[in-house]
Every structure is written in structure tokens, then in C-alpha cells.
Amino acid sequence: DTGVSQDPRHKITKRGQNVTFRCDPISEHNRLYWYRQTLGQGPEFLTYFQNEAQLEKSRLLSDRFSAERPKGSFSTLEIQRTEQGDSAMYLCASRGDSNSPLHFGNGTRLTVT
Amino acid sequence: GESVGLHLPTLSVQEGDNSIINCAYSNSASDYFIWYKQESGKGPQFIIDIRSNMDKRQGQRVTVLLNKTVKHLSLQIAATQPGDSAVYFCAPYPRYGNKLVFGAGTILRVKS
Chain S
1 DTGVSQDPRH KITKRGQNVT FRCDPISEHN RLYWYRQTLG QGPEFLTYFQ NEAQLEKSRL
61 LSDRFSAERP KGSFSTLEIQ RTEQGDSAMY LCASRGDSNS PLHFGNGTRL TVT
Chain P
114 GESVGLHLPT LSVQEGDNSI INCAYSNSAS DYFIWYKQES GKGPQFIIDI RSNMDKRQGQ
174 RVTVLLNKTV KHLSLQIAAT QPGDSAVYFC APYPRYGNKL VFGAGTILRV KS
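Line order of the protein sequences matches chains S and P. For the first sequence, my numbering assigns the number 1 to the initial residue and increments by one for each residue that follows. For the second sequence, my numbering assigns the number 114 to the initial residue and increments by one for each residue that follows.
Worth flagging that the hints you see were computed from the coordinates, not collected in a lab. You may find that some hints are simply not true.
What the hints assert, rightly or not - Calculated pairs, DMTMM-like style, for lysine to aspartate or glutamate (alpha carbon to alpha carbon, straight line, at most 20 Å): (1) Lys11(S) to Asp86(S); (2) Lys212(P) to Asp24(S); (3) Lys11(S) to Glu52(S); (4) Lys212(P) to Asp162(P); (5) Lys224(P) to Glu128(P); (6) Lys14(S) to Glu78(S); (7) Lys184(P) to Asp168(P); (8) Lys14(S) to Glu52(S); (9) Lys181(P) to Asp162(P); (10) Lys212(P) to Glu83(S); (11) Lys212(P) to Glu44(S); (12) Lys11(S) to Glu78(S); (13) Lys57(S) to Glu78(S); (14) Lys14(S) to Glu68(S); (15) Lys155(P) to Asp197(P); (16) Lys11(S) to Glu83(S); (17) Lys71(S) to Glu28(S); (18) Lys71(S) to Asp97(S); (19) Lys212(P) to Glu68(S); (20) Lys212(P) to Glu56(S); (21) Lys155(P) to Asp7(S); (22) Lys71(S) to Asp7(S); (23) Lys71(S) to Glu52(S); (24) Lys181(P) to Asp168(P); (25) Lys212(P) to Glu52(S); (26) Lys155(P) to Glu56(S); (27) Lys155(P) to Glu52(S); (28) Lys155(P) to Glu44(S); (29) Lys212(P) to Asp144(P); (30) Lys57(S) to Glu68(S).
Everything numeric in this text was worked out from a predicted model, so none of it was measured.
Given only the sequences and the hints, what does the whole structure look like? Please build it.
Encoded structure:
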């Protein structure tokens, strides 16, 4: 068990480009979450998967954002036509059963120039 | 909706002293509470959790107290060390729902 892994750690992109981030959860965890965090704020919920099913999406997740978890293991978060306001840390977390805490990865820091 | 507030946005303590970080929550339906520590450039790291049927839980150098009557949590760190310097978040988990709600956090600075 190596914990939650996110790739890349850092991404710099120009406005208007598309970016995709990957998250590998702890192997036996069937619940996977994406959060976004900006400087000086706590993480904000974006979306939640149980196995391959996306069960909840925040209103923060505009139509430029899409998340998938095709086989119920790793997940991807894609942002299309990036904007400067998308600059943030994107955090992935996973958990096992409903009585356990979320375990976070170290995030992908996105900078949109 | 849920809101989470913290009484002290920044706490400075001397190395070796005890630290107390407070947190207020608004949703009385929360039945599971988690404290996280976040160091610069890293994701939140689980410290300790407590369920609503408990009022105190102890870990290694940390104690969490829960007062459901006033919807208040505290995290006590004994013999604070420089490595404890970080941002601390409390995150209530609702009884019905899928997501943790985070406040802005409390910055803990440990002076040597």
C-alpha cells in the first residue's frame, strides 16, 4: 500500500489548452473523490465515485470539467479550455468503507498562464 | 448547508508547549469528524477521527474532544514540536451524504 498517487505533481499550461490529471487510489478502496484547493482555503469537493459510478458532482464542476473512473480503479480529471481561474491544487482522495477517513494524495498543482 | 468555522486562524506556540486548535461546525447531523494536517505542498494527512457517540479520543500526542451540545471540536497536541507546524483542518462527515466539508484551516506555527 503506497497511498494515493497523483500524476503529474505540477502542470503549467496556457489558457485555452486541455489538461488531464490521473489518480491511483489505495488499491482496495472503492470510493474515490476529487477536491480542489486554492491558496489559503480548505479543499472544496468536486466529485465522488463509488467503483466506476460517478454518484455526486459539485456545482463547481462546470461543463469544462469531466471525471472518469472507467474500471473502478484509477480516475482521470480533465479540464478543457483552461482558464486562469482554474489554477489550483487538485487533490484526489480515496476511502474504503463508510466508516473510514479519506486518504489524500499530494495533489496536482495546476498553473494556467 | 454545512459550514465549518475555526476560532483561531493562526496559532503560535513555543516548542514543548501544548497546542489547542478549535473548530465549530453547524450541521448537527454530522456524526463523524476527522482532523487533518496539511504541510506545504502536500495533501491533507489524516491525524485522528472521532464519532458522535464519543466525546474524547486519544492518539499519539493528540487528543480530540467533541462537544455536540455546542457543536465544537478541539484538537490538543501535547509537547508541540517543530514538525507539527502545518495547517490543521477539521472536517465533519454527514450522516447522510458523501463528502467531507472543510473550513479554511488553522495555521500552527511552532517557535523553537
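Against the structure, the hints:
Simply put, Lys11(S) and Asp86(S) have alpha-carbon atoms about 12 Å apart, close enough for the 20 Å limit, and the pair holds. For the hint pairing Lys212(P) with Asp24(S), the CA-to-CA distance comes to about 19 Å; that is within 20 Å, so the pair holds. Simply put, Lys11(S) and Glu52(S) have alpha-carbon atoms about 26 Å apart, too far for the 20 Å limit, and the pair is violated. Distance hint between Lys212(P) and Asp162(P) is fulfilled; the C-alpha atoms sit about 15 Å from each other, no more than 20 Å.
Between Lys224(P) and Glu128(P) the alpha-carbon distance is near 6 Å, which keeps this suggested pair within the 20 Å criterion. For the suggested pair Lys14(S) and Glu78(S), the alpha carbons sit about 15 Å apart, so the restraint of at most 20 Å is met. Restraint check for Lys184(P) and Asp168(P): the C-alpha separation of about 11 Å stays at or below 20 Å, so the hint holds. Under the criterion of a C-alpha separation no larger than 20 Å, the hint pairing Lys14(S) with Glu52(S) is inconsistent with the structure, at around 31 Å.
A C-alpha spacing of about 15 Å is found between Lys181(P) and Asp162(P), which places the hinted pair at or below 20 Å, so the restraint holds. For the hint linking Lys212(P) to Glu83(S), the alpha-carbon distance of about 26 Å lies beyond 20 Å, and the restraint is violated. Pair hint Lys212(P) plus Glu44(S) holds up; C-alpha atoms about 10 Å apart against a cutoff of 20 Å. Restraint check for Lys11(S) and Glu78(S): satisfied, since their Cα atoms lie roughly 12 Å apart, inside the 20 Å limit.
For the hint pairing Lys57(S) with Glu78(S), the CA-to-CA distance comes to about 14 Å; that is within 20 Å, so the pair holds. For a cut-off of 20 Å, the pair hint linking Lys14(S) to Glu68(S) is broken: about 23 Å separates their Cα positions. A threshold of 20 Å between alpha carbons decides the hint, and for Lys155(P) with Asp197(P) the separation of about 14 Å falls inside it, so the pair holds. As the CA atoms of Lys11(S) and Glu83(S) are separated by approximately 14 Å, the hinted pair is consistent with the 20 Å bound.
Annotation: proposed proximity of Lys71(S) to Glu28(S) holds, straight-line Cα distance about 13 Å (limit 20 Å). For a cut-off of 20 Å, the pair hint linking Lys71(S) to Asp97(S) stands: about 19 Å separates their Cα positions. Restraint check: the Cα-Cα separation between Lys212(P) and Glu68(S) comes to about 18 Å, which is no more than 20 Å; the hinted pair holds. About 9 Å separates the Cα atoms of Lys212(P) and Glu56(S), which keeps this hinted pair within 20 Å; it holds.
Under the criterion of a C-alpha separation no larger than 20 Å, the hint pairing Lys155(P) with Asp7(S) is consistent with the structure, at around 13 Å. Between Lys71(S) and Asp7(S), the direct Cα distance comes to roughly 18 Å. Compliance with the 20 Å bound is thereby established for this hinted pair. Straight-line distance between C-alpha atoms of Lys71(S) and Glu52(S) comes to about 6 Å, which keeps the hinted pair within the 20 Å bound. Pair hint Lys181(P) plus Asp168(P) holds up; C-alpha atoms about 8 Å apart against a cutoff of 20 Å.
Under the criterion of a C-alpha separation no larger than 20 Å, the hint pairing Lys212(P) with Glu52(S) is consistent with the structure, at around 17 Å. The hinted pair formed by Lys155(P) and Glu56(S) fails the criterion: a straight-line CA distance of about 25 Å is larger than 20 Å. Proposed proximity of Lys155(P) and Glu52(S) is contradicted: the alpha carbons are some 26 Å apart, above 20 Å. A hinted pair counts as satisfied when its Cα atoms are at most 20 Å apart, and Lys155(P) with Glu44(S) qualifies at roughly 16 Å.
Under the criterion of a C-alpha separation no larger than 20 Å, the hint pairing Lys212(P) with Asp144(P) is consistent with the structure, at around 13 Å. Restraint check for Lys57(S) and Glu68(S): satisfied, since their Cα atoms lie roughly 12 Å apart, inside the 20 Å limit.
Violated hints for the displayed structure, listed by number in ascending order: 3, 8, 10, 14, 26, 27.
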